[in-house]
Amino acid sequence: MRIIRIALKDLSIRLRDRNTLLMMLFMPITLVAIIGFALGGVAGGGISTVEFLLVAPAEEEEHLFMENEGELLTGAAANLMSQIEMFDAEVATEEEARAAVGAGEKAGAILIPPGFLRAVFDTATVEVTVLRDPVSRIKAGIVQSLAERLATYASAGGVAGRGVFDAIEAERELTDSERWKLGGWMFQWMSERWREPAIGIESSDVEEDEINVYAYFMPAFAVLFLLFTTVASGKSIHEERESGTYERLMTAPVSRTTFIAGKLAGSYLLATVQILVLIGLGTLLFRIGWGTNPLAVVVMAVVTAAGASSLGLLVASFTRTARQTDSIGTAFVLVMSLLGGSMWPVEQAPPAFQSVARFTFNYWAHSGFKKLAFADAGLAGISQEIGIVLAMSAVFFALSVALLSRR
Amino acid sequence: MREGPVIEVKNLVKRYGELAAVDAVSFEVERGEIFGLLGPNGAGKTTTIGVLSCLVKPTSGSAKVAGIDVTRDSLGARSRIGVVPQEIALYPTLSARDNMLFWGRMYGVAEAELAGRIDELLEVVQLAGRARDRIDTFSGGMKRRVNIAVGLLHRPEVLFLDEPTVGIDPQTRRSILELVKDLNDQGLTVLYTTHYLEEAEFLCDRIGIMDEGRMLAVGTKSELTALVGAESVITVRADGMDASLVNWLEPLEGVSDAALGDGDLTVSVTTGSNVLPPLVERLTSSGTSIHSIDVDVPNLEGVFLHLTGKSLRDEADEAPAEDPAGAKP
Ligand SMILES: Nc1ncnc2c1ncn2[C@@H]1O[C@H](COP(=O)(O)OP(=O)(O)O)[C@@H](O)[C@H]1O
Ligand SMILES: [Mg+2]
Chain A
1 MRIIRIALKD LSIRLRDRNT LLMMLFMPIT LVAIIGFALG GVAGGGISTV
51 EFLLVAPAEE EEHLFMENEG ELLTGAAANL MSQIEMFDAE VATEEEARAA
101 VGAGEKAGAI LIPPGFLRAV FDTATVEVTV LRDPVSRIKA GIVQSLAERL
151 ATYASAGGVA GRGVFDAIEA ERELTDSERW KLGGWMFQWM SERWREPAIG
201 IESSDVEEDE INVYAYFMPA FAVLFLLFTT VASGKSIHEE RESGTYERLM
251 TAPVSRTTFI AGKLAGSYLL ATVQILVLIG LGTLLFRIGW GTNPLAVVVM
301 AVVTAAGASS LGLLVASFTR TARQTDSIGT AFVLVMSLLG GSMWPVEQAP
351 PAFQSVARFT FNYWAHSGFK KLAFADAGLA GISQEIGIVL AMSAVFFALS
401 VALLSRR
Chain B
1 MREGPVIEVK NLVKRYGELA AVDAVSFEVE RGEIFGLLGP NGAGKTTTIG
51 VLSCLVKPTS GSAKVAGIDV TRDSLGARSR IGVVPQEIAL YPTLSARDNM
101 LFWGRMYGVA EAELAGRIDE LLEVVQLAGR ARDRIDTFSG GMKRRVNIAV
151 GLLHRPEVLF LDEPTVGIDP QTRRSILELV KDLNDQGLTV LYTTHYLEEA
201 EFLCDRIGIM DEGRMLAVGT KSELTALVGA ESVITVRADG MDASLVNWLE
251 PLEGVSDAAL GDGDLTVSVT TGSNVLPPLV ERLTSSGTSI HSIDVDVPNL
301 EGVFLHLTGK SLRDEADEAP AEDPAGAKP
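Chains A and B, in that order, give the protein sequences. Residues in the first sequence are numbered from 1 upward in steps of one, following this note's numbering. Residues in the second sequence are numbered from 1 upward in steps of one, following this note's numbering.
Calculated from the structure, these hints are not laboratory results. None of the values given here were measured: they were computed from a predicted structure. It is possible that part of the hints are untrue.
[What the hints assert, rightly or not] Chain A is faced by these chain B residues, among others (derived, beta-carbon under 7 Å): (1) Ser53; (2) Val83; (3) Thr93; (4) Gly108; (5) Phe202.
C-beta: ideal position from N, C-alpha, C; glycine also.
Input sequences plus hints: build the corresponding full structure.
Here's what the structure looks like:
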């Protein structure tokens with residue numbers, strides 16, 4: 001009973017405090033909105049256009065078929081891409097492309113190397129370079145996949161052309177001028193077909209959900225700011241010691257265990273309120289879909305709140321004063337969030353880094369929400385995350401009780 | 001309520017390593033009295049109260065509250081004591097009423113009784129009109145009154161006040177002292193610690209003088225002053241006094257010594273004896289013009305000096321009105 005009273009008292013103190021509310025709700029929502037906007041999230045319900053450049057080879061030692069065949073090639077490709085609503089492709093020089101991508105004006109650029117067509121017809125290896133804007137990762141990724149697609153088409157075309165030549169030459173030797181004429185005709189034919197592609201590019205691989213930046217960052221920042229909240233809750237243990245209210249509680253029929261349990265329960269309640277409100281706001285403001293199983297989302301939320309509150313308690317147990325909890329706690333939360341991918345997509349980090357990330361609470365909590373938002377994993381699909389976060393909570397709690405009772 | 005002393009402390013020892021913070025202290029507090037623990041900083045007052053309120057585990061000896069041994073049945077003892085910490089142990093962003101609701105629940109006050117009890121106590125500390133205001137909007141004196149009220153929520157048999165007036169302004173100090181006296185008049189037993197002589201003299205029925213962990217003397221003010229000898233000194237400055245005056249004084253009941261100096265007369269008398277009125281009458285009837293009369297009654301300061309060889313005022317360096325530290329929470 002007293003545990004609940006202590007918890008409710010803490011909840012009422014914290015919810016009255018404007019700064020707490022600012023930190024709990026306003027800050028994460030604002031940050032997610034800014035990041036979502038910067039990365040071109042799904043404002044308005046679809047990804048905004050991917051702007052990118054196609055760069056023709058500067059000079060070609062030897063033209064296979066005609067003058068300007070590189071430009072013709074890039075022009076045709078740009079034309080083709082722009083037929084798809086999402087893409088806005090232009091032809092540019094390499095210099096222009098490097099400047100535009102570097103400045104973040106374009107998401108990426110595909111650089112066609114000299115000798116590309118010859119290599120295609122000789123079915124030799126050739127490298128297409130893709131410049132990517134590191135900031136708009138997702139769009140740059142799309143440009144990259146387009147380049148891969150382009151390369152696939154080109155080499156398929158090359159193999160086909162080679163086959164035609166070989167088939168005719170099996171009957172009789174072609175003269176040079178016949179080869180040129182035939183090649184030119186084939187190129188013309190292909191680029192016309194490109195204009196009206198028989199194989200359309202499906203835009204299903206870039207559907208709304210999969211590139212919803214908000215759905216990625218909302219749970220990430222929620223976990224980060226959940227930890228700020230629970231560290232502040234942990235800090236209030238020291239505040240009570242420093243203000244004399246702890247001592248007064250100890251003169252009442254309240255045990256130390258009751259006190260700590262009450263503080264943890266208060267922290268947990270507040271964290272639960274925070275994560276549920278953040279999920280709700282994410283749904284309303286950013287149209288994040290959390291999958292078809294609302295129960296799974298709620299379970300993930302309450303489990304995450306448990307992990308965060310016991311971690312906040314742990315931070316308080318290895319600090320000695322309220323001020324120390326503030327400074328060490330903030331540093332701790334930021335490091336955990338950097339390591340665990342609450343501030344950036346840790347999936348893109350090297351494997352070694354990712355295995356470190358797996359030791360953080362942030363990683364697993366985020367992972368659970370991602371699986372729900374991106375894969376509609378359901379309760380069964382996030383059982384690993386639930387299990388790991390619960391286990392972590394138990395360990396954090398046991399550690400903090402051990403540390404706190406030694407005081 | 002049971003008979004016998006409310007507090008019984010016997011041979012209480014609390015050691016911190018080599019240091020004996022409390023060294024074989026014994027005393028009893030009777031029901032209905034205000035008992036003062038008087039001593040300089042570091043005397044062991046807070047540690048003694050700490051043991052009695054179950055915050056500090058004693059090294060040896062026994063301490064009982066309402067007949068309950070605090071080490072055996074700490075929960076039982078806690079329910080019978082009210083503790084008023086030196087700090088304002090309240091939640092500043094909650095209202096006075098919400099604070100009292102919380103603390104009442106912590107002390108196990110029955111829910112049905114709690115609201116009425118809070119109203120009653122807010123009335124006693126004259127804050128009924130501010131019940132719904134946040135503590136951090138209160139003045140220092142108001143906060144202290146709520147702090148005391150919280151200690152009374154569960155109707156304790158004895159209230160512990162540990163230096164409640166350190167660092168507050170004289171006016172607030174007076175209102176606190178008067179509040180304590182009022183509460184005592186209504187029957188509350190009080191254990192009060194202080195290093196201010198005047199407070200102990202003004203407030204306490206009996207006083208225990210502590211220094212360096214030991215209890216040097218326990219008694220009423222007059223019992224204690226009797227320790228330094230029962231002498232008061234009357235000094236009269238007047239014109240035209242002569243030796244006949246000394247001759248008249250010496251055989252009087254209560255006078256132990258009389259001497260005439262250059263324009264002043266010094267008379268040593270047993271404290272409480274009735275020498276002054278006839279002396280004044282004799283001087284005025286003989287037409288002597290009196291400039292001044294001083295009566296130097298032995299006080300606790302003298303007692304402390306006598307017992308420890310040092311002055312309590314030197315120890316209690318900071319004047320109560322000048323230290324702002326305690327004025328804020
Ligand atoms: N927790 C503690 N650890 C070590 N020494 C302590 C502790 N509490 C008090 N003391 C020492 O015990 C002595 C008595 O302290 P205290 O009871 O606070 O005195 P008072 O309240 O009369 O000023 C002091 O010398 C103090 O430094
Ligand atoms: Mg003290």
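Hints, verified against the model:
Interface hint status for Ser53/B: upheld, as the beta-carbon distance to the closest one in chain A is roughly 5 Å, under 7 Å. Against a cut-off of 7 Å between C-beta atoms, the interface hint on Val83/B holds, since the closest Cβ of chain A lies about 4 Å away. With 7 Å as the threshold, the beta carbon of Thr93/B comes within range of chain A, its nearest partner Cβ sitting at about 6 Å, so the hint holds. Of the supplied interface hints, the one on Gly108/B holds, with its beta-carbon coming within about 6 Å of a beta-carbon of chain A, less than 7 Å.
With its C-beta approaching chain A no nearer than about 26 Å, Phe202/B sits outside the 7 Å limit, and its interface hint is violated.
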